[in-house]
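The sequence shown begins at 3 in this note's numbering and counts up by one.
Everything labelled a hint here was simulated from the structure, so no lab data went into it. Since the structure is predicted, the reported quantities are computational estimates derived from the model, not experimental observations. Just so it is clear, CB atoms sit at the ideal spot from N, CA and C, and this is done for glycine as well. Hints should not be assumed to be uniformly reliable.
For lysine-lysine, the following DSS-like pairs were computed, each having C-alpha atoms within a straight-line distance of at most 30 Å [to be verified]:
no. : residue 1 : residue 2
1   : K147      : K192
2   : K100      : K192
3   : K172      : K197
4   : K129      : K119
5   : K100      : K147
6   : K129      : K192
7   : K143      : K132
8   : K258      : K197
9   : K143      : K100
10  : K126      : K147
11  : K119      : K8
12  : K147      : K172
13  : K132      : K100
14  : K17       : K192
15  : K143      : K119
16  : K161      : K258
17  : K146      : K197
18  : K40       : K121
19  : K147      : K129
20  : K172      : K192
21  : K147      : K197
22  : K192      : K146
23  : K172      : K161
24  : K132      : K119
25  : K172      : K100
26  : K143      : K172
27  : K172      : K129
28  : K129      : K8
Label pairs and their computed distance ranges (CB to CB) [to be verified]:
no. : residue 1 : residue 2 : range
29  : L10       : D71       : 26 to 34 Å
30  : L259      : G76       : 23 to 31 Å
31  : S123      : D41       : 15 to 23 Å
32  : L10       : L259      : 42 to 50 Å
33  : T256      : P7        : 37 to 45 Å
34  : P6        : Y257      : 44 to 52 Å
35  : T202      : Q22       : 18 to 26 Å
36  : P6        : I165      : 38 to 46 Å
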Amino acid sequence: MTPPPKILFEYVLAKNNFAQDERVLEAIQWVDRDRFAKDGYIDSPHNFGTNSIVERPSYQAACLQHLSDKLLPGANVLDLGFGSGFMSCCMARMVGDKGHVTAVDHIPQLINLFMTKLKISYPKLYKLYKIMDVVEWDARKPYKKNGPYDVIHFGSGVKHIPIEFISDLKINGSILVPVGPPYGPHILKKITLIKRNLYTIQNLAEVEAFHFCSPEEQTSDFRQTFGHHFIRLFPLFYKSVVPFNSTVTGKLLTYKLPDA
Numbered sequence: 003m004t005p006p007p008k009i010l011f012e013y014v015l016a017k018n019n020f021a022q023d024e025r026v027l028e029a030i031q032w033v034d035r036d037r038f039a040k041d042g043y044i045d046s047p048h049n050f051g052t053n054s055i056v057e058r059p060s061y062q063a064a065c066l067q068h069l070s071d072k073l074l075p076g077a078n079v080l081d082l083g084f085g086s087g088f089m090s091c092c093m094a095r096m097v098g099d100k101g102h103v104t105a106v107d108h109i110p111q112l113i114n115l116f117m118t119k120l121k122i123s124y125p126k127l128y129k130l131y132k133i134m135d136v137v138e139w140d141a142r143k144p145y146k147k148n149g150p151y152d153v154i155h156f157g158s159g160v161k162h163i164p165i166e167f168i169s170d171l172k173i174n175g176s177i178l179v180p181v182g183p184p185y186g187p188h189i190l191k192k193i194t195l196i197k198r199n200l201y202t203i204q205n206l207a208e209v210e211a212f213h214f215c216s217p218e219e220q221t222s223d224f225r226q227t228f229g230h231h232f233i234r235l236f237p238l239f240y241k242s243v244v245p246f247n248s249t250v251t252g253k254l255l256t257y258k259l260p261d262a
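Can you make the complete structure from the sequences, with help from the hints?
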């Protein structure tokens with residue numbers, strides 16, 4: 003007899019050390035991924051409308067684990083391209099009542115859907131809404147209003163290291179971002195500002211990711227017409243997280259920020 007998806011999901015997390023911090027699993031269970039995706043604990047990505055994606059739950063758990071040293075009570079978080087809102091809620095749960103999460107996306111339908119979940123559909127989540135700002139904003143651009151941040155989480159991939167976002171971090175704050183070519187292999191990177199003009203980059207895992215695009219591209223006729231084919235492609239573009247071996251994981255590279 004096949005175990006329920008939730009049990010299999012927890013097994014995947016334990017096997018891959020994706021939830022070493024018990025707060026990660028507690029946040030995922032409390033927020034409840036089934037509220038954000040059909041069959042939310044099956045380890046595959048989901049299309050939930052407007053050609054938007056909810057990533058694999060194991061990928062999301064791995065991201066929360068990599069940020070757990072920064073997602074402490076009272077932390078200030080920026081979630082770029084929140085999509086379903088699941089990661090925003092998990093991070094809000096981890097930073098607690100004294101923390102703050104700014105969740106930005108550029109698709110009005112997603113913002114309305116997320117706000118409905120927070121304020122109406124799931125009353126339990128309203129506790130998180132009180133420490134969140136949900137903002138319509140192009141996630142390809144820095145959002146400085148509520149900064150500086152302890153954490154900046156990229157909900158989609160980018161082609162190059164997002165240098166322009168690093169100055170929005172607090173000292174010892176971190177960015178988590180998949181970096182690589184569109185529709186190609188990406189490296190999940192953790193960028194930490196260690197001094198005012200000095201930062202480190204840690205390569206964490208090989209992942210696949212779609213890139214941020216404009217609202218027009220995301221909701222274009224082409225993508226709407228052929229969107230039903232995307233679900234077959236998702237497993238190719240969001241494969242299981244592949245952690246690097248111990249000789250690579252943890253290696254830090256140090257760089258200076260360019261002069262403003």
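Now the hints, each set against the structure:
1. K147 x K192: holds, 23 Å
2. K100 x K192: Given pair K100, K192 holds - Cα atoms ~24 Å apart, limit 30 Å.
3. K172 x K197: holds, 9 Å
4. K129 x K119: Between K129 and K119 the Cα gap is close to 12 Å, so the pair holds against 30 Å.
5. K100 x K147: holds, 18 Å
6. K129 x K192: holds, 29 Å
7. K143 x K132: holds, 25 Å
8. K258 x K197: Holds, because 9 Å separates the two Cα atoms, which is no more than 30 Å.
9. K143 x K100: holds, 26 Å
10. K126 x K147: holds, 27 Å
11. K119 x K8: With Cα atoms ~21 Å apart, K119 and K8 stay inside 30 Å; holds.
12. K147 x K172: holds, 14 Å
13. K132 x K100: Holds, at roughly 10 Å.
14. K17 x K192: holds, 22 Å
15. K143 x K119: holds, 26 Å
16. K161 x K258: Holds: K161 and K258 sit about 20 Å apart, inside 30 Å.
17. K146 x K197: holds, 19 Å
18. K40 x K121: holds, 20 Å
19. K147 x K129: OK: K147 and K129 at ~23 Å, within 30 Å.
20. K172 x K192: Distance ~14 Å between K172 and K192 Cα, so the pair holds.
21. K147 x K197: Holds, because 21 Å separates the two Cα atoms, which is no more than 30 Å.
22. K192 x K146: holds, 20 Å
23. K172 x K161: Holds: K172 and K161 sit about 24 Å apart, inside 30 Å.
24. K132 x K119: Within the cut-off at roughly 13 Å; holds.
25. K172 x K100: Holds. K172 to K100 sits at ~17 Å (cutoff 30 Å).
26. K143 x K172: holds, 18 Å
27. K172 x K129: holds, 26 Å
28. K129 x K8: holds, 24 Å
29. L10 x D71: 26 to 34 Å: holds, 27 Å
30. L259 x G76: 23 to 31 Å: holds, 26 Å
31. S123 x D41: 15 to 23 Å: For S123 and D41 the Cβ distance comes to about 18 Å; the hint holds.
32. L10 x L259: 42 to 50 Å: Given range 42 to 50 Å: holds, Cβ gap about 43 Å.
33. T256 x P7: 37 to 45 Å: holds, 42 Å
34. P6 x Y257: 44 to 52 Å: holds, 45 Å
35. T202 x Q22: 18 to 26 Å: Hint holds: Cβ distance 21 Å, inside 18 to 26 Å.
36. P6 x I165: 38 to 46 Å: holds, 44 Å
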